[in-house]
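Kindly generate the complete structure, drawing on both the sequences and the hints.
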Amino acid sequence: MTGTITPASIQGLFATGLIRLTTGSILYALGEADVEADTRWALSMLSQMGARVGSMTHIIGAGTDWLQLWPWESAVMLGGNTYSSAEANIFDASRSEMFLRRFDLAVVIGVNATLLDFLSEIGADTAALLNKAGAVVATHDASERLDALGVAHWRMHLLGPVCLLESPSRNGARYDQSQWLVEEQNGELLVASIASRLTPLVRLRTAVCGSVSVKPDGTRSVILTF
Amino acid sequence: MGMTLERQGSSDPVLRDVSSRYLDDVEVMPRNALLSLQWQRLSAMLPYVYENGALIRSVWESAGVEPNDFDSLGDYFARAPFIDKDSLRQFRDEHDDPFAGLLCKPKDTVSFIGSSSGTTGDPTLFSSRVDLSASPKWSVPGLSEEGPGPYFGSTPRDLWEMGMRPGDQIVLFAIRFRGPIFRLFQSYGLKPILLGYSPEDFAQFLYISRQLRPQMCFVMSTPLMGGLQQVAKQTGIDMRDVFASYKAVIFAGEPLTSHHRKIFDQWGILDRVYNQTAFGDLGHAHECRERAGNHAWEDYGIAEFIDPDTSASMMSETGRGELVVTSLINGVDPLIRFRSGDLVDFDRSPCGCGRTHVRFTTVGRAGDILIIKGRSILPLDVWPLVGEFDECAAALFQIVRSAKVMDELKLRVGYDGTPNLSELQVKIETYVQEHLKVPVTVELVPQSELLKLGPPHKIPRTTAL
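Chains as they are written, first to last, in my numbering: chain A, 76 to 301; chain B, 68 to 532.
These are computed hints drawn from the structure, not numbers from a lab.
It is possible that part of the hints are untrue.
As the list claims (entries may be wrong) - What the simulated footprint calls covered on chain A by chain B, stretch by stretch (three residues with Cβ under 8 Å from a Cβ of chain B suffice, anywhere in the stretch; the number is not a length):
#, region
1, 137-151
2, 157-168
Claimed, not checked - Part of the chain B face toward chain A, derived, beta carbon under 8 Å:
#, residue
3, V177
4, I180
5, V197
6, L261
7, E267
8, Q514
9, E516
10, K519
Please read these numbers as outputs of a predicted model, since none were measured by experiment.
The C-beta atom is built at its ideal place from N, Cα and C for all residues, glycine as well.
In structure tokens:
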């Protein structure tokens, strides 16, 4: 074990995992304090989406992305809500369909093209099923089709460790500015941690194209370009 | 009606003597005392479920029985009605109740709704509530209010037996629909490394294992094993080095076959692989170091074995039967005399590890038994034969069936690479036919097509014609 990282000895470590970038994934350690901060932000966003005590949220995502998704799951529970989850793959699309059909969901997070393909394949009324939920949060690969179906939705994009969220009004994606700084350099988005996080990041290149605008109140919003 | 459930397991494993083989004294409780504990818990559970669980009340009223009708475990085994997945689905559809009448708590007090794999149909839901009041830290949710939790709660005992201790690192190939099991492991001082089932994660697993030197892999499966084999082949990385630090690799989803053993032997981990199987949707059951079957933790649930045809409870010390379970500690959505559909070989004799809890080995699904020319065939019989072929080394196959009794064995077999398909088909048909002594037809499909059917740690081994 000499010469290697020993996570067991890292104070305040919550879990180790990966963060995914267009160019590949990198090893990443998430601290307990990081989880608290990320959960707090997720809780505020869930509130804006309409999650209330006693309501239910369904979260679709890969086990790979649990470091980023856990604060959302944690926030749902801390908010006094119920959460269910499903994988983001084709097999588990039926699980998500079951939760959409059988439960009155306040929020469904992670609607993707794979789920839309499945719903189309089984002849489901996709628009009716999704519009039954109070708020739909989709990944970019599903966004255009949801627009065509008339399903108003938030857009979520995991920019490395940063969760970008854009409301249905499409005024640019927001993120937790107490933790992160997202910048643009030559059309590429860069990520830096500005709070004391277990894994500090300094101008991490994401290989994702986009731009950043700053509003008069200091709020930064990100426009992704695919 | 309220119900107070005892907290299960050792309350603080850090204080446990790390040299002890057992995490919890209940693991070696004398058999008679264990049965008394079961009866005590069952006597509290039955009236609670009857009053709060719509499905059990409905089934029991139809059968004309009430909780107080039973005066012993034997009496319960003789007269309590069964439930199974079909009765759950029927209740769910008739009453438009997604919880199938199992939920004994108000719906809006549930924190997490997990679900089973759904390999054999619509998934069964299992719910839990977190104890926010006792866990003020923001990062704590995910632990059940009844202590370590009814579904995964007993698993730390097994990890302890495999040598895991506070501070050890555990790689979790996470399946999120099961719920945040890593939260339980964290509460026992283990450090999780969270990975998923993407090919990129497989490559990272090789890197992480050599960089961080974790102690456990939770869990290895057939698709994961195949993925790791491919990465190892592409990169030339020595898998013995990858697994050098591991105390244990838990294999789950399917029975361990000769094919798996061959690969694990090549990787140098055969003596560190432990099988995991389902304890009838009550939780998991793992092998101990004796490798003599998977222990069902009988203080968490009753493990009963019945003749799948007559439904008679089997009281013998050993035998093959269908696993039937009754939850003893789950106050949220307990299963009462639930026929799991799992066909198992059970053994109630004392285990070499000293634990007094029954052991069983899953051999297939009771509904998977196929009769061809008077011969009983299970997927387990086909497994090692298909895995003998290099192009099908992952042993990904399905038995295609239209009825319990058929004239021939129809197989859909996954292949890798670009083999001569007509030659391979004939070779497999001939080989399987020689060994099983029944007519065989094989349909070859790309392995990737079968993997799409998985959840993703396993695939359905039988499929309708």
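Hint-by-hint comparison with the structure:
1. Counting residues of the region 137-151 of chain A whose C-beta sits closer than 8 Å to any C-beta of chain B gives 10, which meets the bar of three, so the coverage hint holds.
2. Residues of the region 157-168 of chain A lying with their CB closer than 8 Å to a CB of chain B number 10, which satisfies the three-residue condition for coverage.
3. Against a cut-off of 8 Å between C-beta atoms, the interface hint on V177/B holds, since the closest Cβ of chain A lies about 5 Å away.
4. With a least beta-carbon distance of about 4 Å to chain A, the hint placing I180/B at the interface is held under the 8 Å criterion.
5. Annotation: V197/B was flagged as interfacial toward chain A, and the flag holds, the nearest CB pair being 5 Å apart, inside 8 Å.
6. At about 4 Å, the closest approach between the beta carbon of L261/B and any beta carbon in chain A falls short of 8 Å, and the interface hint on this residue holds.
7. Proximity of E267/B to chain A holds as hinted, the smallest CB-CB distance being about 6 Å (cut-off 8 Å).
8. Checking Q514/B against chain A: minimum C-beta separation of about 15 Å lies over 8 Å; hint violated.
9. Checking E516/B against chain A by beta carbon gives a least distance of about 11 Å; that is not within 8 Å, so the hint is violated.
10. With a least beta-carbon distance of about 6 Å to chain A, the hint placing K519/B at the interface is held under the 8 Å criterion.
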